[in-house]
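Chains as they are written, first to last, in numbering that gives the first Met the number 0: chain A, 0 to 179; chain B, 0 to 302.
In short, the hints are calculated from the structure, not lab data.
Incorrect hints may have been included.
Below, a list of computed lysine-lysine pairs in the DSSO-like style, where the Cα atoms sit at most 27 Å apart [stated by the list, open to error]:
(1) B:Lys30 - A:Lys74
(2) A:Lys138 - B:Lys57
(3) B:Lys257 - A:Lys134
(4) B:Lys158 - A:Lys155
(5) B:Lys30 - A:Lys7
(6) B:Lys30 - A:Lys152
(7) B:Lys30 - A:Lys3
(8) A:Lys141 - B:Lys220
(9) A:Lys153 - B:Lys57
(10) A:Lys141 - A:Lys7
(11) A:Lys166 - A:Lys153
(12) B:Lys220 - A:Lys147
(13) B:Lys220 - A:Lys152
(14) B:Lys257 - A:Lys141
(15) B:Lys30 - A:Lys155
(16) A:Lys153 - B:Lys30
(17) B:Lys257 - A:Lys3
(18) A:Lys110 - B:Lys30
Remember, it's a predicted structure, so these values are computed and weren't measured experimentally.
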Amino acid sequence: MNDKVSQKIVDIIQNYARQHSLWVLAYGTGCGAIEIPPTMTSRYDAERLGVRGAATPRQADVLLITGYLTTKTLKRVIRVYEQMQDPKYVIGFGSCTINGGMYFDSYNTIKALDRYLPVDVYINGCMPRPEAVLKGFAKLQKLIQAGKADGSKKYKENLDWYRANQKEVIPVWRMPEFNW
Amino acid sequence: MEEILHYTWGAVVSFVLAFAVGITYMGLNRKVTARVQNRIGPPWYQNFLDVLKLGSKKSAIHHGTMHHLGPAFLMVTSVMSLLIIPILNDGKFFPNLNFQGDLIFLIYIMTFGPLGMALGAGQTGNPNSAIGVTRGLAQMAGFEIPWVMALVALMIQFKTTSIVDLMNVQAETGRWLMFSSPFAFIAAIMAMFGMFRYSPFDIVGAPSELASGPMSENGGKYLFTMMSSGSVFTFAKLTLYTDLFLGGADNLLVLIAKTFVLYMIPVLYGLVSPRYRTEQAVRWFWGWPSFFGLLAILQASFF
Numbered sequence: 000m001n002d003k004v005s006q007k008i009v010d011i012i013q014n015y016a017r018q019h020s021l022w023v024l025a026y027g028t029g030c031g032a033i034e035i036p037p038t039m040t041s042r043y044d045a046e047r048l049g050v051r052g053a054a055t056p057r058q059a060d061v062l063l064i065t066g067y068l069t070t071k072t073l074k075r076v077i078r079v080y081e082q083m084q085d086p087k088y089v090i091g092f093g094s095c096t097i098n099g100g101m102y103f104d105s106y107n108t109i110k111a112l113d114r115y116l117p118v119d120v121y122i123n124g125c126m127p128r129p130e131a132v133l134k135g136f137a138k139l140q141k142l143i144q145a146g147k148a149d150g151s152k153k154y155k156e157n158l159d160w161y162r163a164n165q166k167e168v169i170p171v172w173r174m175p176e177f178n179w
Numbered sequence: 000m001e002e003i004l005h006y007t008w009g010a011v012v013s014f015v016l017a018f019a020v021g022i023t024y025m026g027l028n029r030k031v032t033a034r035v036q037n038r039i040g041p042p043w044y045q046n047f048l049d050v051l052k053l054g055s056k057k058s059a060i061h062h063g064t065m066h067h068l069g070p071a072f073l074m075v076t077s078v079m080s081l082l083i084i085p086i087l088n089d090g091k092f093f094p095n096l097n098f099q100g101d102l103i104f105l106i107y108i109m110t111f112g113p114l115g116m117a118l119g120a121g122q123t124g125n126p127n128s129a130i131g132v133t134r135g136l137a138q139m140a141g142f143e144i145p146w147v148m149a150l151v152a153l154m155i156q157f158k159t160t161s162i163v164d165l166m167n168v169q170a171e172t173g174r175w176l177m178f179s180s181p182f183a184f185i186a187a188i189m190a191m192f193g194m195f196r197y198s199p200f201d202i203v204g205a206p207s208e209l210a211s212g213p214m215s216e217n218g219g220k221y222l223f224t225m226m227s228s229g230s231v232f233t234f235a236k237l238t239l240y241t242d243l244f245l246g247g248a249d250n251l252l253v254l255i256a257k258t259f260v261l262y263m264i265p266v267l268y269g270l271v272s273p274r275y276r277t278e279q280a281v282r283w284f285w286g287w288p289s290f291f292g293l294l295a296i297l298q299a300s301f302f
């Protein structure tokens with residue numbers, strides 16, 4: 000067996016495991032955080048799909064940005080995202096992460112999340128209901144299975160562009176260097 | 000040479016068996032928890048997928064040497080206790096490194112892993128880890144007392160410190176130690192609640208309060224090592240309880256039945272009990288469990 004075929008088989012097995020075991024860091028940035036408890040508990044029971052909460056960024060696979068991001072919170076979110084271990088995915092949750100939503104003319108929230116972090120899946124709505132959240136997870140699972148959820152790779156390749164955008168809205172940049 | 004091969008092969012087979020059974024038990028635990036909470040719950044093989052995923056994650060964390068060694072210490076502890084505890088009665092397929100005094104050695108080695116993990120968690124510099132470690136060690140000081148009392152009672156009663164001798168006693172008299180020294184059994188079972196760290200004694204790794212405590216800086220391959228060692232250790236502990244109190248097992252099916260019944264005791268007790276604070280947990284362990292341990296020692300010395 001040559002290397003390419005064996006790598007392909009390993010990829011299929013690993014992607015299967017990654018797809019069915021998503022540990023979510025539900026970063027409660029905005030009002031969307033209120034939709035996470037019903038998604039995780041008895042009513043909608045996300046655990047049956049392998050989705051469960053992670054306690055710290057080190058253990059998490061998915062970063063869930065729930066709602067609007069103020070520039071102050073963005074700094075923390077970037078820090079959290081860079082602490083997570085590869086492979087990692089980002090889900091933008093709610094209209095605010097897509098175009099600013101009802102905060103489109105606010106002076107201290109960011110409007111489009113994917114200028115600052117690579118987003119794999121968007122869930123639109125204000126608020127998206129738990130069904131929509133589950134559908135977003137299903138979409139992410141499909142992307143992982145196809146090997147197309149490569150946001151972290153994009154982030155590494157275009158780090159300069161992301162950094163420039165981030166430093167535009169965060170004037171006081173005192174952060175540890177991106178070092179892996 | 001043949002003997003060495005026999006022992007090596009036995010160690011590998013028992014490790015694989017312990018890993019598979021332990022991790023299935025943990026998956027079943029999640030399923031049972033889900034059914035009690037009126038959920039469907041993950042499939043029973045969910046923990047296999049979790050372990051596979053954690054093993055395939057990249058790790059780019061460096062906090063120092065001790066941080067890397069912490070999960071390794073846990074693994075060493077699990078494998079060492081697994082190799083000392085006899086898995087089946089005749090010991091033909093699963094040879095173990097049994098010797099006179101292994102029960103005392105086991106008491107020491109079972110605390111070695113958590114201590115190594117404590118050093119590793121300390122080096123990460125995460126305050127949650129430090130708080131988790133202090134709580135975990137305080138809780139260990141709680142449940143070790145009834146646990147050691149129960150074992151000392153057995154040692155006094157049968158004048159031996161070997162697990163195999165205790166199993167032979169049960170085979171000769173035909174009575175399980177569960178019935179011939181009931182107080183020791185009760186004390187040991189109550190100590191088991193603390194050993195498994197399920198609710199109500201799960202404040203050590205409380206996810207939303209302490210950010211999972213000692214393992215809060217460990218992701219990916221560290222968690223992979225910790226989860227696999229945890230599953231091996233679960234199987235080892237349950238087998239030890241079966242050997243000591245339930246007369247061991249003649250074949251694997253009996254072993255799995257007995258260990259599963261034992262495993263369900265802390266799981267089901269945890270499902271109906273809210274979490275204790277550290278001082279409440281320690282007070283609990285130094286209350287009735289220690290009292291039963293004392294009764295066991297009195298029974299062993301005077302009857």
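Results of checking the hints against the structure:
1. Taking the CA atoms of Lys30 of chain B and Lys74 of chain A, the gap is near 38 Å; set against the 27 Å cutoff, the hint is violated.
2. Using a Cα cut-off of 27 Å, the hinted pair Lys138 of chain A and Lys57 of chain B holds, with the two alpha carbons roughly 23 Å apart.
3. For the given pair, Lys257 of chain B sits about 42 Å from Lys134 of chain A by alpha-carbon distance, which is inconsistent with the 27 Å threshold.
4. In summary, the hint linking Lys158 of chain B to Lys155 of chain A is not supported, as the alpha carbons are separated by about 65 Å, beyond the 27 Å threshold.
5. Annotation: proposed proximity of Lys30 of chain B to Lys7 of chain A is violated, straight-line Cα distance about 32 Å (limit 27 Å).
6. Between Lys30 of chain B and Lys152 of chain A, the direct Cα distance comes to roughly 35 Å. Violation of the 27 Å bound is thereby established for this hinted pair.
7. Distance hint between Lys30 of chain B and Lys3 of chain A is unfulfilled; the C-alpha atoms sit about 38 Å from each other, more than 27 Å.
8. Taking the CA atoms of Lys141 of chain A and Lys220 of chain B, the gap is about 25 Å. The hint holds against a cut of 27 Å.
9. Simply put, Lys153 of chain A and Lys57 of chain B have alpha-carbon atoms about 16 Å apart, close enough for the 27 Å limit, and the pair holds.
10. Note on Lys141 of chain A and Lys7 of chain A: the hinted pairing holds, with a Cα-Cα distance of about 17 Å set against a maximum of 27 Å.
11. This hinted pair checks out: Lys166 of chain A and Lys153 of chain A have alpha carbons roughly 18 Å apart, not beyond 27 Å.
12. Distance restraint check for Lys220 of chain B and Lys147 of chain A: the Cα-Cα separation of roughly 23 Å lies within the 27 Å cut-off, and the hinted pair is therefore satisfied.
13. Between Lys220 of chain B and Lys152 of chain A the CA atoms are separated by roughly 20 Å; this keeps the pair inside 27 Å, and the hint holds.
14. As the CA atoms of Lys257 of chain B and Lys141 of chain A are separated by approximately 41 Å, the hinted pair breaks the 27 Å bound.
15. Of the supplied pair hints, the one linking Lys30 of chain B and Lys155 of chain A is violated, its CA atoms being roughly 38 Å apart against a limit of 27 Å.
16. Between Lys153 of chain A and Lys30 of chain B the alpha-carbon distance is near 37 Å, which puts this suggested pair outside the 27 Å criterion.
17. Pair hint Lys257 of chain B plus Lys3 of chain A does not hold up; C-alpha atoms about 46 Å apart against a cutoff of 27 Å.
18. At roughly 41 Å between alpha-carbon atoms, Lys110 of chain A and Lys30 of chain B are farther apart than 27 Å, so this suggested pair is violated.
Violation of the numbered hints given earlier is confined to hints 1, 3, 4, 5, 6, 7, 14, 15, 16, 17, 18; the remaining hints are satisfied by the structure.
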